[in-house]
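Chemist: Here are the chains, one letter per residue:
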Amino acid sequence: MDVALDSFKNWQVIKVAGQVDSKTVSDLRDFIDSELKQGHPVALELTEVPFMSSAGLRTLLTLQRKTTDMGVDLALIGVAPEIADTMKVTGFYQFFTIFESLQNLPGAE
Amino acid sequence: MELERIDNIPTDTIDGYRVRPGKPLPFGVSSVPGGLNFSVYTSAGTSCTLVLYSRTEESPLAEIRVPDYYRIGDVYSIVVYDLDYEDLEYGFKIDGPHEPEQGHRFDRTNVLMDPYARVISGRDEWGIEPNWDRSYQYRSRVAFDDFDWEGDSPLEIDDADLVIYELHVRSFTRNENSGVKFKGTYAGIVEKIPYLKALGINAVELMPVFEFDEFENSRMHPDTGEKLYNYWGYSTVAFFAPKAGFAASGKFGMQVDEFKQLVKELHKEGIEVILDVVFNHTAEGNERGPSISFKGLDNKIYYMLTPEGYYFNFSGTGNTLNCNNPVVRNLVLDCLRYWCAEYHIDGFRFDLASILGRDPWGAPLSNPPLLESLAFDPILSSCKLIAEAWDAGGLYQVGTFPAYGRWSEWNGKYRDTARRYLKGDDDQLGEMAQRVQGSPDLYQWNGRSPATSINFITCHDGFTLADLVSFNGKHNEANGENNCDGGDDNLSWNCGAEGWTEDQGIKSLRMKQSMNALTILLTSRGTPMLLMGDEFGRSQHGNNNAYCIDSPVSWVDWSLLESNHLLYDFTKNLVGFRHQHKCLRINRFDDPGSKHFPSCSFHGTNPWQVNWSSESKQLGWLMSCDDDSTSLMDAVYVASNMAHYATWFELPSLPTEYVWKLCFNTGDIQSPFQQSPAPYLESGILVGDRSVLIFTASPRET
Numbered sequence: 362m363d364v365a366l367d368s369f370k371n372w373q374v375i376k377v378a379g380q381v382d383s384k385t386v387s388d389l390r391d392f393i394d395s396e397l398k399q400g401h402p403v404a405l406e407l408t409e410v411p412f413m414s415s416a417g418l419r420t421l422l423t424l425q426r427k428t429t430d431m432g433v434d435l436a437l438i439g440v441a442p443e444i445a446d447t448m449k450v451t452g453f454y455q456f457f458t459i460f461e462s463l464q465n466l467p468g469a470e
Numbered sequence: 013m014e015l016e017r018i019d020n021i022p023t024d025t026i027d028g029y030r031v032r033p034g035k036p037l038p039f040g041v042s043s044v045p046g047g048l049n050f051s052v053y054t055s056a057g058t059s060c061t062l063v064l065y066s067r068t069e070e071s072p073l074a075e076i077r078v079p080d081y082y083r084i085g086d087v088y089s090i091v092v093y094d095l096d097y098e099d100l101e102y103g104f105k106i107d108g109p110h111e112p113e114q115g116h117r118f119d120r121t122n123v124l125m126d127p128y129a130r131v132i133s134g135r136d137e138w139g140i141e142p143n144w145d146r147s148y149q150y151r152s153r154v155a156f157d158d159f160d161w162e163g164d165s166p167l168e169i170d171d172a173d174l175v176i177y178e179l180h181v182r183s184f185t186r187n188e189n190s191g192v193k194f195k196g197t198y199a200g201i202v203e204k205i206p207y208l209k210a211l212g213i214n215a216v217e218l219m220p221v222f223e224f225d226e227f228e229n230s231r232m233h234p235d236t237g238e239k240l241y242n243y244w245g246y247s248t249v250a251f252f253a254p255k256a257g258f259a260a261s262g263k264f265g266m267q268v269d270e271f272k273q274l275v276k277e278l279h280k281e282g283i284e285v286i287l288d289v290v291f292n293h294t295a296e297g298n299e300r301g302p303s304i305s306f307k308g309l310d311n312k313i314y315y316m317l318t319p320e321g322y323y324f325n326f327s328g329t330g331n332t333l334n335c336n337n338p339v340v341r342n343l344v345l346d347c348l349r350y351w352c353a354e355y356h357i358d359g360f361r362f363d364l365a366s367i368l369g370r371d372p373w374g375a376p377l378s379n380p381p382l383l384e385s386l387a388f389d390p391i392l393s394s395c396k397l398i399a400e401a402w403d404a405g406g407l408y409q410v411g412t413f414p415a416y417g418r419w420s421e422w423n424g425k426y427r428d429t430a431r432r433y434l435k436g437d438d439d440q441l442g443e444m445a446q447r448v449q450g451s452p453d454l455y456q457w458n459g460r461s462p463a464t465s466i467n468f469i470t471c472h473d474g475f476t477l478a479d480l481v482s483f484n485g486k487h488n489e490a491n492g493e494n495n496c497d498g499g500d501d502n503l504s505w506n507c508g509a510e511g512w513t514e515d516q517g518i519k520s521l522r523m524k525q526s527m528n529a530l531t532i533l534l535t536s537r538g539t540p541m542l543l544m545g546d547e548f549g550r551s552q553h554g555n556n557n558a559y560c561i562d563s564p565v566s567w568v569d570w571s572l573l574e575s576n577h578l579l580y581d582f583t584k585n586l587v588g589f590r591h592q593h594k595c596l597r598i599n600r601f602d603d604p605g606s607k608h609f610p611s612c613s614f615h616g617t618n619p620w621q622v623n624w625s626s627e628s629k630q631l632g633w634l635m636s637c638d639d640d641s642t643s644l645m646d647a648v649y650v651a652s653n654m655a656h657y658a659t660w661f662e663l664p665s666l667p668t669e670y671v672w673k674l675c676f677n678t679g680d681i682q683s684p685f686q687q688s689p690a691p692y693l694e695s696g697i698l699v700g701d702r703s704v705l706i707f708t709a710s711p712r713e714t
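Here the protein sequences come in this chain order: A and B.
Counting from 362, one number per residue, gives the positions in the first sequence under this note's numbering.
Counting from 13, one number per residue, gives the positions in the second sequence under this note's numbering.
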């Protein structure tokens with residue numbers, strides 16, 4: 362799994378590529394803890410993520426709590442249909458705002 | 013200030029893993045900073061080895077022999093550090109004597125499932141043939157149990173106000189025509205919540221969801237070659253784990269979250285969740301069955317054994333869990349507390365509950381400690397406890413089940429009497445009158461209430477409602493046992509032809525009989541229970557024991573919702589009617605009734621006069637109470653005529669400020685219910701052959 366920070370308009374974008382599971386999830390968590398800046402909404406770009414395990418989904422929820430505390434919006438981008446299905450049936454989906462691509466972000470035309 | 017523990021450091025290294033002595037409680041796995049605490053009980057075992065696996069590997073990562081000084085009493089506990097919670101699977105090897113005649117069946121080479129495991133892998137997707145070469149079939153895993161409930165808690169609906177809907181998780185939405193995306197799963201039920209809500213039920217009772225193995229005793233049908241399964245799942249593998257194969261996310265091991273999401277979503281719509289739990293036996297069978305967990309941990313503690321070390325079989329399935337042994341009793345308590353606290357479950361229905369009242373040698377106890385513990389448990393205090401008050405060893409305790417003021421019962425006598433009355437048997441009026449008023453003959457003498465009685469006419473065992481009115485005998489050939497399985501005492505009547513027919517007269521009589529059954533059920537005091545699909549005529553083609561069938565025979569056929577829409581609408585209106593009329597839900601036998609009528613009175617073709625004679629087939633019941641907030645009277649009068657000819661009923665007189673309104677009439681098969689009925693001004697009414705009518709008293713409009 363690779364993580365990189367990017368930006369799009371006023372959004373800070375965390376680009377993730379590869380599988381997110383218990384083996385990789387701490388790298389993502391550490392990245393989020395060290396790289397997120399106050400004051401800008403956060404987009405988690407997941408287009409290149411084919412699979413997210415239970416631990417991966419739990420980290421999404423941790424990130425959601427964190428952005429709520431920071432008072433900024435969080436958006437998930439490009440969630441694979443299989444991952445979205447798992448999120449729906451397990452109740453994770455309802456906590457997130459999800460967009461197909463960065464271009465669909467509000468205020469990002 | 014954050015409290016930092018000074019004991020949270022490894023003291024030893026075993027097989028490459030850093031470990032330290034653990035804590036004996038809680039049993040099973042719990043997380044501690046940096047590691048996991050494992051704890052397992054064995055009274056006759058002589059050593060314990062913790063076996064660790066990676067999810068994707070067949071052979072173990074490590075075998076950690078727990079040092080003897082890590083044991084306190086009969087409990088081995090160990091903390092292991094630096095584990096990958098998500099990838100980890102584990103089990104135990106226990107050494108000890110192999111002396112079956114003494115009750116001991118230890119095998120130190122066999123890896124055993126943790127009896128407290130909260131997640132099980134090995135049957136992750138329904139019906140995928142398992143790898144039988146695997147020696148450790150049901151692998152214990154670690155649950156997160158960190159679900160975000162967002163303020164949800166059990167609903168605590170009054171027992172008397174419940175309308176229960178019994179369903180099988182897979183059958184409910186597996187059919188291609190169910191219209192849901194996640195067919196046959198917990199998530200599929202979520203998709204059907206709007207349907208359940210519209211029907212008006214406020215509790216679902218789920219047939220077994222504790223992890224079981226659909227492949228237990230699976231076989232080919234000798235004639236058809238069809239695969240037969242342990243489909244219903246009345247054979248528990250793991251008491252603390254939800255069935256993975258019922259979860260759309262089971263292949264990712266996320267069944268715990270998916271099941272909790274189901275409970276949360278049902279609760280949002282005011283629907284309680286009751287689990288059908290099977291504590292009378294386990295999937296380990298008798299001496300020829302597999303050693304999955306209990307047999308190898310402490311056979312003599314967990315099972316009722318004959319003096320020669322064979323298994324007592326009060327469950328009819330090979331073994332009997334030794335529920336009144338204090339250790340086993342605690343396991344049952346821990347399990348139910350876990351489901352109640354961690355899954356927000358609202359109630360439990362205990363399969364063959366009478367077994368739970370037997371002593372370790374099988375004799376019925378007058379004061380069974382397990383039943384008492386459950387009744388007075390602090391966490392379960394608002395949980396519904398429902399007994400199937402009989403067992404396969406001949407104990408039948410409907411009316412005498414040790415209740416401690418808490419337990420209710422599946423009222424098998426209600427089912428039997430209602431079925432006899434429906435088909436017009438002689439000598440039924442007296443008993444029917446008892447059943448309609450909540451079975452005081454069974455429950456008043458011992459201080460219990462009408463809602464003690466779970467009233468039902470059909471359940472998963474036996475015919476569906478449509479089959480009850482279409483078959484005289486069972487047709488279980490599809491079960492591959494030459495039609496020898498399943499009950500023969502169906503008390504059913506086919507209305508003139510066995511099974512499928514084109515005869516319009518027979519078909520409409522069947523429809524009417526179905527409506528009659530539902531009308532009687534929903535106007536009786538006690539807690540009514542419906543079987544999934546009965547509201548639109550679900551059939552199993554005469555199979556009264558489809559425990560092994562995973563096919564459209566056992567799956568709910570949702571196309572019937574359209575073709576039998578009238579029956580569905582009728583049921584929906586009837587359920588709504590019950591919710592509207594408090595007088596049908598009075599939960600006291602000594603209720604004073606209303607200003608004008610007793611709480612429950614019986615009538616014949618003439619008011620206040622019942623012909624109780626043997627051949628009489630006409631019974632009316634009038635239920636009444638006052639609404640304290642409006643000072644209006646609530647009164648419902650039900651007139652039932654189970655004779656094959658129409659009969660004139662004089663109606664009970666109302667005080668002048670009220671008029672009767674006819675709300676339901678199964679004799680009018682074109683329009684059997686009225687949404688806004690007009691006042692009924694005649695003094696009596698001709699009740700059609702085999703018909704039931706419901707009137708309600710309405711304030712006269714001036």
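Treat the hints as calculated values from the structure; they're not laboratory data.
Certain hints may be false.
Derived pair list, reagent style DSS-like, types lysine-lysine, alpha-carbon separation capped at 25 Å [unchecked claim]:
hint, chain 1, residue 1, chain 2, residue 2
1, B, 584, B, 594
2, B, 280, B, 519
3, A, 449, A, 376
4, A, 449, B, 519
5, B, 519, B, 594
6, B, 209, A, 449
7, B, 673, B, 629
8, A, 427, A, 370
9, A, 449, B, 263
10, B, 209, B, 280
11, B, 239, B, 209
12, B, 239, B, 280
13, B, 425, B, 629
14, A, 449, B, 425
15, B, 239, A, 384
16, B, 425, B, 435
17, B, 239, B, 204
18, A, 398, A, 449
19, A, 449, B, 195
20, B, 673, A, 449
21, B, 193, B, 280
Chemist: Are the hints correct? Go through all of them and say.
Modeler: Against the structure, the hints:
For the hint linking residue 584 (chain B) to residue 594 (chain B), the alpha-carbon distance of about 17 Å falls within 25 Å, and the restraint holds. This hinted pair does not check out: residue 280 (chain B) and residue 519 (chain B) have alpha carbons roughly 39 Å apart, beyond 25 Å. For a cut-off of 25 Å, the pair hint linking residue 449 (chain A) to residue 376 (chain A) stands: about 22 Å separates their Cα positions. Straight-line distance between C-alpha atoms of residue 449 (chain A) and residue 519 (chain B) comes to about 43 Å, which puts the hinted pair past the 25 Å bound.
Between residue 519 (chain B) and residue 594 (chain B) the alpha-carbon distance is near 34 Å, which puts this suggested pair outside the 25 Å criterion. Only pairs whose Cα atoms come within 25 Å are accepted, and residue 209 (chain B) paired with residue 449 (chain A) is accepted, the gap being roughly 20 Å. In summary, the hint linking residue 673 (chain B) to residue 629 (chain B) is supported, as the alpha carbons are separated by about 24 Å, within the 25 Å threshold. Between the alpha carbons of residue 427 (chain A) and residue 370 (chain A) the distance comes to roughly 21 Å, so the proposed pair stays at or under 25 Å and holds.
The suggested pairing of residue 449 (chain A) with residue 263 (chain B) holds, with an alpha-carbon distance near 15 Å, which does not exceed 25 Å. A threshold of 25 Å between alpha carbons decides the hint, and for residue 209 (chain B) with residue 280 (chain B) the separation of about 11 Å falls inside it, so the pair holds. Distance restraint check for residue 239 (chain B) and residue 209 (chain B): the Cα-Cα separation of roughly 35 Å exceeds the 25 Å cut-off, and the hinted pair is therefore not satisfied. For the given pair, residue 239 (chain B) sits about 38 Å from residue 280 (chain B) by alpha-carbon distance, which is inconsistent with the 25 Å threshold.
Of the pairs offered as hints, the one joining residue 425 (chain B) and residue 629 (chain B) holds, with about 19 Å between alpha carbons and a cut-off of 25 Å not exceeded. With a CA separation close to 43 Å, the supplied pair residue 449 (chain A) and residue 425 (chain B) exceeds the 25 Å bound. With a C-alpha separation of about 39 Å, the suggested pair residue 239 (chain B) and residue 384 (chain A) falls outside the 25 Å cut-off, and the hint is violated. Taking the CA atoms of residue 425 (chain B) and residue 435 (chain B), the gap is near 16 Å; set against the 25 Å cutoff, the hint holds.
Only pairs whose Cα atoms come within 25 Å are accepted, and residue 239 (chain B) paired with residue 204 (chain B) is rejected, the gap being roughly 28 Å. Proximity of residue 398 (chain A) to residue 449 (chain A) is assessed by CA-CA distance (about 29 Å); at most 25 Å being required, the pair is judged violated. The hinted pair formed by residue 449 (chain A) and residue 195 (chain B) meets the criterion: a straight-line CA distance of about 14 Å does not exceed 25 Å. The suggested pairing of residue 673 (chain B) with residue 449 (chain A) is violated, with an alpha-carbon distance near 47 Å, which exceeds 25 Å.
Restraint check: the Cα-Cα separation between residue 193 (chain B) and residue 280 (chain B) comes to about 21 Å, which is no more than 25 Å; the hinted pair holds.
When each numbered hint is compared with the structure, violations occur for hints 2, 4, 5, 11, 12, 14, 15, 17, 18 and 20.
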